[in-house]
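Undergrad: Using the sequences and the accompanying hints, generate a full structural model.
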Amino acid sequence: MDTNAVYQKPTDEEIKTLLNEKFEGKVNVTKIETRRVYATVPRELIHQVCEYIHDNLTFEHISTVIGVDMIDNLRVVYHIDNYFNGCVIELTVDIPNDDPHVASISDIWVGGNWHERETYELFGIIFDGHPHLARLLTPDTYEFYPFRKSYKLRGQE
Amino acid sequence: MARDLMDIRAETDELTTDKMWVIMGPQHPFSHGLWTLKVELDGELVTDAEPIVGYLHRGWEKECENRSYAKIVPMADRLCYAASMTYSHLYCMTVEKALGLEVPEKAQYIRVVADEICRISSHLMWLAAVGTDLGNLTVFLWCMREREYWMDLFVRLCGARMTTNYPRIGGVRNDITELFDRDVDRCVQHFEKALWDIIALIDDSSIFLSRMKGTGILTCEQCVNLGITGPAMRGNGVDFDIRRDDPYEAYDKIDFEVPVLNDGDSYSRYMVRVEELFQSCKIITRAMQKIRAIGKNAPYRYKAPTNVPAGTAMCRLEDPRGESLMYLVADGSGKPYRLKVRSPIFTNVSASKPLVVGSRIADVPVIMAMIDMCLGETDR
Amino acid sequence: MAYSSILDWISFSDIMSNPWYPFAGDYNLPFDISYKLWEIIGGGLAWLINLILPGNPVSTWLISDGVCVGGGLIIFMIVIFLVVFIGTLLSLWEERKVLGRVMDRRGTMIGMKGFLQCVADGVKTFMKENTIPKKVDMMTYMWTVSLVVGVSVLIACMIPLSDRWFVVNYDTGLLIIMAFFALAPFFILVSGWAQNNKYSLIGGMRAAELMISYEVPMLIMIGTASLLAGTLNIGDIVAAQRDIWYIIPMFIGFITFLFCATAEAERVPFDIAEAEAELVEGWQTEYAGMKWGLIMLADYFRGYVSCAMVTILFLGGWNIPFVSDSVNNFLPEIVFLLKTWFVFFLMIMIRGALARVRTDQIVNIGWKVFMPLSVINFVIVLLLKVGGIY
Chain V
0 MDTNAVYQKP TDEEIKTLLN EKFEGKVNVT KIETRRVYAT VPRELIHQVC EYIHDNLTFE
60 HISTVIGVDM IDNLRVVYHI DNYFNGCVIE LTVDIPNDDP HVASISDIWV GGNWHERETY
120 ELFGIIFDGH PHLARLLTPD TYEFYPFRKS YKLRGQE
Chain S
0 MARDLMDIRA ETDELTTDKM WVIMGPQHPF SHGLWTLKVE LDGELVTDAE PIVGYLHRGW
60 EKECENRSYA KIVPMADRLC YAASMTYSHL YCMTVEKALG LEVPEKAQYI RVVADEICRI
120 SSHLMWLAAV GTDLGNLTVF LWCMREREYW MDLFVRLCGA RMTTNYPRIG GVRNDITELF
180 DRDVDRCVQH FEKALWDIIA LIDDSSIFLS RMKGTGILTC EQCVNLGITG PAMRGNGVDF
240 DIRRDDPYEA YDKIDFEVPV LNDGDSYSRY MVRVEELFQS CKIITRAMQK IRAIGKNAPY
300 RYKAPTNVPA GTAMCRLEDP RGESLMYLVA DGSGKPYRLK VRSPIFTNVS ASKPLVVGSR
360 IADVPVIMAM IDMCLGETDR
Chain C
0 MAYSSILDWI SFSDIMSNPW YPFAGDYNLP FDISYKLWEI IGGGLAWLIN LILPGNPVST
60 WLISDGVCVG GGLIIFMIVI FLVVFIGTLL SLWEERKVLG RVMDRRGTMI GMKGFLQCVA
120 DGVKTFMKEN TIPKKVDMMT YMWTVSLVVG VSVLIACMIP LSDRWFVVNY DTGLLIIMAF
180 FALAPFFILV SGWAQNNKYS LIGGMRAAEL MISYEVPMLI MIGTASLLAG TLNIGDIVAA
240 QRDIWYIIPM FIGFITFLFC ATAEAERVPF DIAEAEAELV EGWQTEYAGM KWGLIMLADY
300 FRGYVSCAMV TILFLGGWNI PFVSDSVNNF LPEIVFLLKT WFVFFLMIMI RGALARVRTD
360 QIVNIGWKVF MPLSVINFVI VLLLKVGGIY
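Protein chains in written order, with numbering that gives the first Met the number 0: chain V, 0 to 156; chain S, 0 to 379; chain C, 0 to 389.
Be aware that one or more of the hints could be misleading.
Unchecked claim - According to the in silico footprint, chain S covers these stretches of chain V (three or more CB under 8 Å from chain S):
hint	segment
1	50–61
2	65–75
3	107–114
Claimed, not checked - Here are the simulated lysine to any residue pairs, SDA-like style, with alpha carbons at most 20 Å apart:
hint	chain 1	residue 1	chain 2	residue 2
4	V	K151	S	Y336
5	V	K148	S	L33
6	V	K148	S	S332
7	V	K151	S	L208
8	S	K289	S	V273
9	V	K30	S	D330
10	S	K352	V	A133
11	C	K367	S	F277
12	C	K367	S	S209
13	S	K61	V	N72
14	V	K30	S	A312
15	C	K35	C	R105
16	S	K61	V	T137
17	S	K61	V	K30
18	C	K197	S	C314
19	S	K281	V	E142
20	S	K37	V	N72
21	C	K367	S	L208
22	V	K148	S	K18
23	V	K30	S	C314
24	V	K148	S	V273
25	S	K18	C	E208
26	V	K148	S	E64
Please keep in mind that the hints were generated in silico from the structure rather than gathered at the bench. All figures in this text were calculated on a predicted structure; none of them were measured in a lab. Just so you know, even glycine gets a beta-carbon here, dropped at the ideal spot from N, CA and C.
TA: Spelled out as structure tokens, the structure:
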């Protein structure tokens, strides 16, 4: 398929082929359901993949940027929507614990701005290129990341 | 005298006028909750704005990691008091997806009905707030009066008014009661008439219209890029509704319209919500017909296991305020490993700077009223 | 020594024949009442003193003409104020009940159909803690609120209730009242500045902005009405409407003046100076307790004056049309108050139905709607006058 063309309503299969062809297998589409595409992306490629999804596959809206602490590593999950056919792409990026950096996508979708700030303050994942990466929900004085598994609540062993 | 005029001109040019930051909130009549909007004013004109949230952050997602799956249903109710039903519904949907569990058909329709009742009562709360933000208390009290009927309907359905605790993983807690069956159609018929009174009060008044028309204008592309969802987005000409375009439960079997307006100002956002009220009434009537056709003895709840197999699940639904999404990471135990809530207002309020800049301070409450703030779900 | 009865000291003399009588030939009912009250009080005092010290000069001084007028004037002030005060409280009660019914609720319910709630609220504000922010300009902060309240009470007292119930009977009475009426926005502007609060500052500025938008059309309308009557004396303007109220030739003027009066009283839809949705309470933000209670009371005094002006200029004042003079002169004060409360009822309905306008919109309405309408009204009156109908 033509990887440079603009697709307004790509089907799930098309998205899979296009992502595979464009990024030469580095983007691993793990699962396809009705109107859902699940993929894992290497950390270096996330900004390129997002740009491609936004510009060529017309995924105009970002629902969330989610941080997950998998103990062995950190994980960032993106949910990106297409408003023409209701399709959602879920991108999963694994980040090593000792280098929690990932490229910010808030220059592509401004709506991702606060989600990235939230993920930063709760998990300590640093989004490179974010315009204003400051704490949002928790006080500025916090020096820990409360949603990491290493931060225990009362009653958690 | 021309020289004198020039002198005066020069003097006034030298006069320095300062812009000032006015901090609206956290205790301010317009905020409808605890949040702050810092606005920079040049006279009455807003030149810059910065929303500040987080006063209600209570670590909801972290709390969930400490509780078994069944215990989170009532907690999900507390995310937003005005739209409690949609959040517990969304949570149950997400867990069911992770379990691979199909919900009985009857429960799907009951959830649709309950969701729409919740949407109506939430929109009425919003309409009431619009009235006070515009300086009219009559709209407020009339809307609250109508809202009581829908609250009573919730009492008929599940015994509670606001935090319903009604959906369960695998279905709903109880079948529809006889009283609910009797009252729901009466309520819809009454409401469709009563709503015209409130609309007449607002739409026939040129002051209301002049306050809403032409304020808070965004273009369609801006709106999508800023992540604004829900009625605020549909008022900007984006024809997208998760209920229709990404259907969940039984919405694909029910016929309804999605109101979309293209003006992109506060008035079109208002009109979209009012039109949604009528559409919700239609959905309730049609879903109730289906429920009655299914019959009394059909199952409404399947048994669900307490432990969820390892994996991830994502679900989204059309909240009264926009797109809400839950993402669950399960590790095979009886407690979620990570549960993330995507609140529509969290993103909508982050767009308040482009919304209010350029308007007057008197328009700020009206523009932000169209977002329909609810801080419980924003800060989580 | 002969015993002198108390009745010897209380003569109930004719007030008009008193050389000190202050109203120059016009009969004044409240002064008559207070004069007689003073005669009872002063005469009783004089009788008591005379019992103890017979033939002393103080007793005769107490019932002399001048002292009677002086004491009568003090009681006169109290009587005039009390009537206006109760009238205002009644309009406050009327607003609570009518607005409640508009909104499909009952309004206040406690004591005398809810009337005592107004009294209770007044007592409550007086008992509240008087918090004053640290950084206010104390002098202006205190003085401006006194002046706003004082001016409002003054004009409320200056409104005549009938041609026998008045304080002053100047030929320029209308102009004086309007001049005092227009003073309050200046004090509000200064007060907003003095509070050192951004909301108050914006509120004060808005009060000035509001004033420049409604004041000119309002004065044109007053000029038109006085042109029709040929006088600026309130009594004469009312007398000129004995059978045909000015609402008939000046219907456009009536509607416009009603809205201007609403703006003058700073009520919805023109209460932009205290817009609670965006400015919390506008220029009243930093006033607490008794001061805030007095400001609210002053607001209702101004509402009462606005309604009274509409009644005087357009609704025939204290006249009932097509009745004989004896009926007309029976209780004109009550007729006047009833008409005033009716106009206030219209204002309440406006408040129940409309939203607040924006600052730029009020200037637009003032200069692009009210101004042409008042000029059209003026032209109509001019044609009627030239055509010889009036």
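Undergrad: The structure should be examined with respect to each hint, and the outcome stated for every one.
TA: Hint check:
no. : hint            : in the structure
1   : 50–61           : holds (count 3)
2   : 65–75           : holds (count 3)
3   : 107–114         : holds (count 7)
4   : V/K151 / S/Y336 : 13 Å, holds
5   : V/K148 / S/L33  : 29 Å, violated
6   : V/K148 / S/S332 : 16 Å, holds
7   : V/K151 / S/L208 : 53 Å, violated
8   : S/K289 / S/V273 : 25 Å, violated
9   : V/K30 / S/D330  : 19 Å, holds
10  : S/K352 / V/A133 : 17 Å, holds
11  : C/K367 / S/F277 : 38 Å, violated
12  : C/K367 / S/S209 : 15 Å, holds
13  : S/K61 / V/N72   : 18 Å, holds
14  : V/K30 / S/A312  : 12 Å, holds
15  : C/K35 / C/R105  : 43 Å, violated
16  : S/K61 / V/T137  : 13 Å, holds
17  : S/K61 / V/K30   : 28 Å, violated
18  : C/K197 / S/C314 : 46 Å, violated
19  : S/K281 / V/E142 : 52 Å, violated
20  : S/K37 / V/N72   : 38 Å, violated
21  : C/K367 / S/L208 : 18 Å, holds
22  : V/K148 / S/K18  : 45 Å, violated
23  : V/K30 / S/C314  : 15 Å, holds
24  : V/K148 / S/V273 : 44 Å, violated
25  : S/K18 / C/E208  : 19 Å, holds
26  : V/K148 / S/E64  : 10 Å, holds
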